[in-house]
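2 protein chains.
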Amino acid sequence: MVEKPRDMAAKSENFSEWYLEILRNAELLDDRYNVKGFYIMRPWLMEIVDKLYTLLEAELKRTGHGKVLFPTLIPEENFQKESEHVEGFIPEVFWVTHGGENEFERKLALRPTSETAFYSIFPLWIRSHEDLPLKTFQSCTVFRHETKATKPLIRAREFIWIEAHNAFTDEAGAIGQAKEDIEITSKIFGLLNLPSLFFKRPDWDKFKGAVSSFAADTILPDGKRLQLATTHYLGQNFSKAFNIKFSDKDEKEKLVHQTCYGPGISRIAAAIISIHSDDFGLVLPFSIAPIQIVIVPILKKGREEEIKNYCKGLQDKLGLYRSLIDSKSESVGSKFYKWEIKGVPVRIEVGLKEVEEGKATVFRRDKKEKETIDSGKLERKVKEIEADMEKELERRAKEYFESRISEAKTIDELKEKVEAGFVKVPFCSRDMGGEGCAEAIKEIAEVGGTIYPEEERPIGEKCIVCGKLAEEFVYCCRSY
Amino acid sequence: MVEKPRDMAAKSENFSEWYLEILRNAELLDDRYNVKGFYIMRPWLMEIVDKLYTLLEAELKRTGHGKVLFPTLIPEENFQKESEHVEGFIPEVFWVTHGGENEFERKLALRPTSETAFYSIFPLWIRSHEDLPLKTFQSCTVFRHETKATKPLIRAREFIWIEAHNAFTDEAGAIGQAKEDIEITSKIFGLLNLPSLFFKRPDWDKFKGAVSSFAADTILPDGKRLQLATTHYLGQNFSKAFNIKFSDKDEKEKLVHQTCYGPGISRIAAAIISIHSDDFGLVLPFSIAPIQIVIVPILKKGREEEIKNYCKGLQDKLGLYRSLIDSKSESVGSKFYKWEIKGVPVRIEVGLKEVEEGKATVFRRDKKEKETIDSGKLERKVKEIEADMEKELERRAKEYFESRISEAKTIDELKEKVEAGFVKVPFCSRDMGGEGCAEAIKEIAEVGGTIYPEEERPIGEKCIVCGKLAEEFVYCCRSY
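Going line by line, the protein sequences match chains U and R. Going left to right, the first sequence walks through residues 825 to 1304 as the working numbering numbers them. Going left to right, the second sequence walks through residues 825 to 1304 as the working numbering numbers them.
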């Protein structure tokens, strides 16, 4: 009864095309803005984005973070203070050089990330150990003049995220924060049934300025890794550069230990869209669907009011859900088509037959199953579907993700399996030349890192590249 | 028992200093960032800001606006399309000229306002009359390289606002929207007890590119006008420039009529802070107070647990309120001081006496009155205070604002009275040389406009400047 959307690419055959079409057809995003790499987020996406922000901000506040908002512009001199950081980010900074007709004496960066804004102020907020831990975050857009190919929500030149910036009296506090960040990420991804692995990045692929970097990565249907969130232990690198000191209980002046955390809202949205959806369009979990239930009246001439009133009666029974009666003048078929592409979890169809028999026809988006039930059982039915859809999306995501993780013992095997996603391989450590080995296979795959918290280490196995005794298992992948 | 804050300026004596001190001492904002005119919003302010956003966004969605997010960067060529608009905004645009080492071929503006971003895409979203009205908004920061003196939240080089951009089939639809914008503004300001007047701006002071501009203005305690929100009827000026057409029911191609609306979140926050607060700090309405009730235990050695448990019991009775038990190790005096400066509406003090007698001592911030009541009556008491504080703030705001509006018939009278706020004067119309008359008194005051919807017109009175027969009453003021 519902046709497969005309002219839409199949997700399994051409993910890239399918992805762009779903963004357009579900009215999530417009990619026709006249600056390359910049996109327009439309209401259906913004509703999802705001729900993601609400979930993440609530977790950050619950764990003691204060929400702040720093300026978008950062003076060049702030960047210069931490040498690795400046080296890492300067190549992709957008620079503001003029105000009206006046050229500035110093350039101002559009924040690519805000360490050098926050940490220029932290010395003013931190005096003693009583001011610590200092936990802050902001929700904002950041700007990176990417040289790689851009793709909406996945790699854009302006994207939305949260960045948390924290300071602690000691290393233990900071490491504890990195763990808390990982817990927050896992909790939220769990709610969204978004499968991911947490990696400790190899030393050569850390955030510039960090002591160690941890990242939650997923795999998109084209087999490429997408980094969704990162947390970095910064040690005292930035506190040295920005002179962020506190007087400790022993009355000595000490440098703070720091962390930063960045869940990428755009990318989390991209992953939800890419992983849960199918060839008919979006499939959205109840938790973030802008509309959870759409009621479509199938009008019969002369009986319109009766049918509409019956729909209102049904809607009243669903008071706690975000619901909509679609009374527009479009055809019923195009309404079905539209709400399926937009991923509304439940559709209720009401024709004269339903009205006369006191029934409702309930369609669930994930399984595309339809059932006619007594209207008195409607609320219970929707609750049932909600719970079952949760399980179904979890099951699918698990099945999907497991099929994207494999193991290899040889380069040839790696080459073949890495098309699908992560490949776990034995690897030498950095000290033994890991960076060189990573470099040697970069045409095939990159090294995503070791699982964090650490999983088992190889015993007696050999590095897949150099053949020396392997010290760890790393996960290789192709990457966005 | 609570001292007047040490070293704080009095609001009535030195508003400017009082205002900066309240921003710092209530930990609302940090003005020590190293780029002039850019400020850091701290958690206490961000909680208020988010509540203002929630209120306004809900109204916009209720009235059919879809939330979107456009890029921060706008190419120079977009600005060039509407000649008045470009002339008005170009002098204060921040320009992005480089990405990394590369100089761009065309400059990109940091949006000072987003007409020229939205309207470049509207032709893609609008085909037929069925796509109209198109109602959209975004919540974002905008950037203006102000040449006037900057002041946190009042005149900053980056500030937060909402901008709504709408398109209609005809003038009536667009004018209806301007009226709806005014209603939304009035409703929200009513909730916040924020006094304001709605003006139709004189022609020479319209938004650049608009047919007519309407603005909600308040008066700050220093007697200066602060524009809080504007709505503009753009006619077909931008639809001509950006070729935004639709095919109407008669199958003819027509240009849309447009409006835009911009409530300034930063300025609304500034007005709430400035108008409601007193020499002891912030006074916040229940509706936007980040914490509505703070419970301060006054501990007695050996009885700490008992007192703390009693506090928890009281908090449980206040479940629907945003409450906090302040168990920090600071002195009771400094806690009182802190929460008063931060404007928490109700403070509950719990000492051993309260515990033993089953009482609670309740302090309300606005009137600074304190009362000891039975703990069983606590919830009812708080509700009473909430309702009464609402009335009290309304009464004060009304009294305050009425004292800031006067009338004058001569220039001398205007000069004297304009120190306090708005002065209503008879004025010639534009056709009769109004712009010249406005120019003639600009050292004394500017012309804010006529009340909208229109109030009575002068009968037989003479223009306060040129002495010709007055055609309207205008409100003069000094202005931010």
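Read the hints as simulated data drawn from the structure, not as lab findings. Check the hints yourself; a few may be wrong.
The list treats identical chains as interchangeable, and a pair is accepted whether it falls inside one copy or across any two copies.
To be verified - Straight-line alpha carbon distances no greater than 27 Å define the calculated BS3-like cross-link-like pairs of lysine-lysine that follow:
no.	residue 1	residue 2
1	Lys-1192	Lys-1239
2	Lys-1003	Lys-1159
3	Lys-1064	Lys-1152
4	Lys-1136	Lys-1233
5	Lys-1286	Lys-1183
6	Lys-959	Lys-875
7	Lys-835	Lys-1141
8	Lys-1292	Lys-1024
9	Lys-1073	Lys-1222
Hints, one by one, checked against the model:
no. : hint                : verdict
1   : Lys-1192 - Lys-1239 : neither (37 Å within a copy, 74 Å between copies)
2   : Lys-1003 - Lys-1159 : neither (46 Å within a copy, 33 Å between copies)
3   : Lys-1064 - Lys-1152 : neither (62 Å within a copy, 30 Å between copies)
4   : Lys-1136 - Lys-1233 : neither (62 Å within a copy, 59 Å between copies)
5   : Lys-1286 - Lys-1183 : neither (65 Å within a copy, 73 Å between copies)
6   : Lys-959 - Lys-875   : both (22 Å within a copy, 21 Å between copies)
7   : Lys-835 - Lys-1141  : neither (36 Å within a copy, 53 Å between copies)
8   : Lys-1292 - Lys-1024 : within (22 Å within a copy, 79 Å between copies)
9   : Lys-1073 - Lys-1222 : neither (48 Å within a copy, 51 Å between copies)
Violated hints for the displayed structure, listed by number in ascending order: 1, 2, 3, 4, 5, 7, 9.
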